[in-house]
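Since the structure of chain A is already known, use the hints to place chain B on it.
Protein chains: 2
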Amino acid sequence: MFVDRTRLLSKNIKKLLRRGATDNLHNIINKTHTADLAGIFQFLSLSEQKAFFNLFDKVEQKAMLFSELEHEIVLSLIEAEPAEKVAEILERMPGDDVADLLGKISDVRAKALLDLMTKEGSKDVEELLGYDPKTAGGIMVVDFIALNQETTAKEAVEALQKEYIDIEMPFYLYLVDDYGYLQGVVSLRQLVVIPPATKLKSIMDADVVSVRTHTDQEEVAQIAAHYNFLAVPVIDEHNKLVGIVTIDDVIDIIHEEATEDILKMAGLGGSVKYIETQTIFKSIRKRLPWLLASWIGGVIACYVVAHFEQSLNKLVYLAAFMPIIMGMGGNVGTQTSASIMRGLATGRIDINQIWRIILRELAIGFCLGFVYGAMLSLFAQFKYGFEMWELGMVLGFAMICSMTLAATLASSIPLVFHRYRIDPAVATGPFVTTFTDILSVFFYFKIATLLLHI
Amino acid sequence: MFVDRTRLLSKNIKKLLRRGATDNLHNIINKTHTADLAGIFQFLSLSEQKAFFNLFDKVEQKAMLFSELEHEIVLSLIEAEPAEKVAEILERMPGDDVADLLGKISDVRAKALLDLMTKEGSKDVEELLGYDPKTAGGIMVVDFIALNQETTAKEAVEALQKEYIDIEMPFYLYLVDDYGYLQGVVSLRQLVVIPPATKLKSIMDADVVSVRTHTDQEEVAQIAAHYNFLAVPVIDEHNKLVGIVTIDDVIDIIHEEATEDILKMAGLGGSVKYIETQTIFKSIRKRLPWLLASWIGGVIACYVVAHFEQSLNKLVYLAAFMPIIMGMGGNVGTQTSASIMRGLATGRIDINQIWRIILRELAIGFCLGFVYGAMLSLFAQFKYGFEMWELGMVLGFAMICSMTLAATLASSIPLVFHRYRIDPAVATGPFVTTFTDILSVFFYFKIATLLLHI
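Chains as they are written, first to last, in the working numbering: chain A, 15 to 468; chain B, 15 to 468.
Chain A extracted, bound-state conformation (with noise of 0.2 Å):
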């Protein structure tokens, strides 16, 4: 794996460090690629990162590393850093990560930095500000080859060796008109096939797919995907191109997302990086709020019993069961809800035939349930005696109820929830466990009382 390769040159690089090794680091910096470089930070403390970072010469060294590394990394470093001479790196890295970066500062500092890099660069940056971090306007990159559509293909064959150096990738040529208006994209592998004087105009795919600056980076990252895109254009609210989501952004989207979407399920809030980066205590108060679902779930059941307590007193081998009726319970829920869950992210699922897809759920949740409540049935006679056919139906029914339930309520949560645009991996986590355990146990008691004449 290259994640331990990282690895070993991190301990590689301590050892240098604390030997005061310069020269040697100074050679590992030159040759090694800057994402790695990036990745070898995690693995070094505080202060072996400042001493790291302290030996990075170039001001474009440490732009393109910036770039990479991860935010609080970035922060951390720049704390103890003059103000000048932070704003001297902003400058030279792009302006979409530069704003991303702004945005976790105070208002006052990130100011501050802004006013100190020329105009230009802050100008980008500032734009940039203005939208949403997790919109196409957030993530875009200003930074785009736009061309009139009247330009020829020696002419952008010029205008790409003057002016368009620093792009970062530049596969796409976009067209506009004399207003800015997006007309059309050539890519790059075109433009070297064509004879020069060809006008580009007359051979761009006019039938372009843009997206809108307020456009949710997860459909832009769909949208990506589903065309096979490289990059794709971003126009305001005027129709104007304004920049471009790269390829290498969307992919850290869709990793985000999913990152997400399996965090929230588990109930662990929403933070991608979760693990090893946090201290002990930061991870506790992280997963403390998200259990108290489940505790007040699990008083709420407490009274549900205590409820059946003359039941149970009589019977009290009926306390055995408990266990495997909500349990059965709730891991029909999670793999329902993680179905719906995963259906809603891809798409598959019209959120329009609500009542057909929670159906579906609801007779499967049935099936499953009458399966298994009848081997819990056979099981409890075989335990008991044929005498206790009695315990063996409320086994049974109490079966096909919890896991219908469990079913039906852990597809129709999400799905409401996507309905009212509230995120429906939050409501998969402890909520739906919570809420079917509660049921689960309230119907086996009541079934247990009716059927047994208690």
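There's no promise every hint is true.
As the list claims (entries may be wrong) - Listed below are the simulated EDC-like cross-link pairs for lysine to aspartate or glutamate, each with C-alpha atoms no more than 20 Å apart in a straight line:
no.: 1; chain 1: A; residue 1: LYS29; chain 2: B; residue 2: ASP364
no.: 2; chain 1: A; residue 1: LYS397; chain 2: B; residue 2: GLU323
no.: 3; chain 1: A; residue 1: LYS148; chain 2: A; residue 2: ASP129
no.: 4; chain 1: B; residue 1: LYS328; chain 2: A; residue 2: ASP191
Simulated from the structure, these hints should not be mistaken for laboratory data.
Showing chain B alone in chain A's frame:
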């Protein structure tokens, strides 16, 4: 959402198909992006799919459509087609897509189709079929641009104009020596801006990162994402360049692996296409076996509780606290295993520090157990009166015990699985939950029996 747009379009197409409005449909086929056309198919019934597909006139259109469609749909479409026609379409598809497809049908039929294809096309496919579909070899494209390192920029452009017209994503030019060994890479962007007489060798990046044919696809994706590559070159055991993995496939892998993790964690196996495309019966069959673990666990828990029936008989109110003790353990277990899983997937966890990680999770579980145990203890005294302080003690200890155990199990099981190269996602599903349930119940009653002297 652009998925909704596809759905809308598919409704329109259903209507046109019913009316037999062939002209309109032809029009739509010619004007719509193939990715969108493919999206429409998933909303059509089997007979509608066939009718719509028959309206595609050009073999090239059919080939592009097949590359985008889900394999299940392609397989059902080609079922009725004569083999000659199918071979004709396959020939025009990228080799990796054909190999994927043929990997899903019987060997006899695949062989027959390969025999019908032209020799050149079928050779590539046969080679690709030799690789595990989840490795770099299985997902790579064999059409890439490889030039001798002595080539000049001018010669490269000429080669692009003549030879490499069908290349999928021609944004890198790979340079090889006389023996076909990968020596370096030049981006198309560089090619455009250098003087025509420049030898590519002089400007190439010689430090090119490549993967082996047997490298796991997940690692290929990690590398592409890490270095922001648009393609990763693949070399065989003789260090010869044999293919490239393109960024669009990387995105598919990231999607696929995230979905698989989520579904496995929820006890749904690893099928990517879970919902909507499956019938209720298939869904049930898929979920049944995963629930068996939970059912067996429940039966064991049943014996555990029965073992303590004496204690329960004397103090029936103990049963009321079973749900909360089990539920809190279960939830903390889910939190723990999800964060471990994600740490493993993103490479943040160092498997060599397995004991440190487990101890860390144990400490977190203990602290969380202490907080919620104390709260439960207080609650019990509020509910049953202060003279029941011994019950409070029992509940507090049981909660600490349950949550510490859950955190320990939920971290150690995935880590041990990972070390022995079993997919850790499997361990986090029903297994951990069930195991935790049994132990929680056991220790709860054990502590109660000891402390309450029953």
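Going through the hints against the structure:
Of the supplied pair hints, the one linking LYS29/A and ASP364/B holds, its CA atoms being roughly 19 Å apart against a limit of 20 Å. Among the hinted pairs, LYS397/A with GLU323/B is consistent with the structure: their alpha-carbon atoms are about 15 Å apart, no more than 20 Å. A C-alpha spacing of about 25 Å is found between LYS148/A and ASP129/A, which places the hinted pair above 20 Å, so the restraint is violated. About 86 Å separates the Cα atoms of LYS328/B and ASP191/A, which puts this hinted pair outside 20 Å; it is violated.
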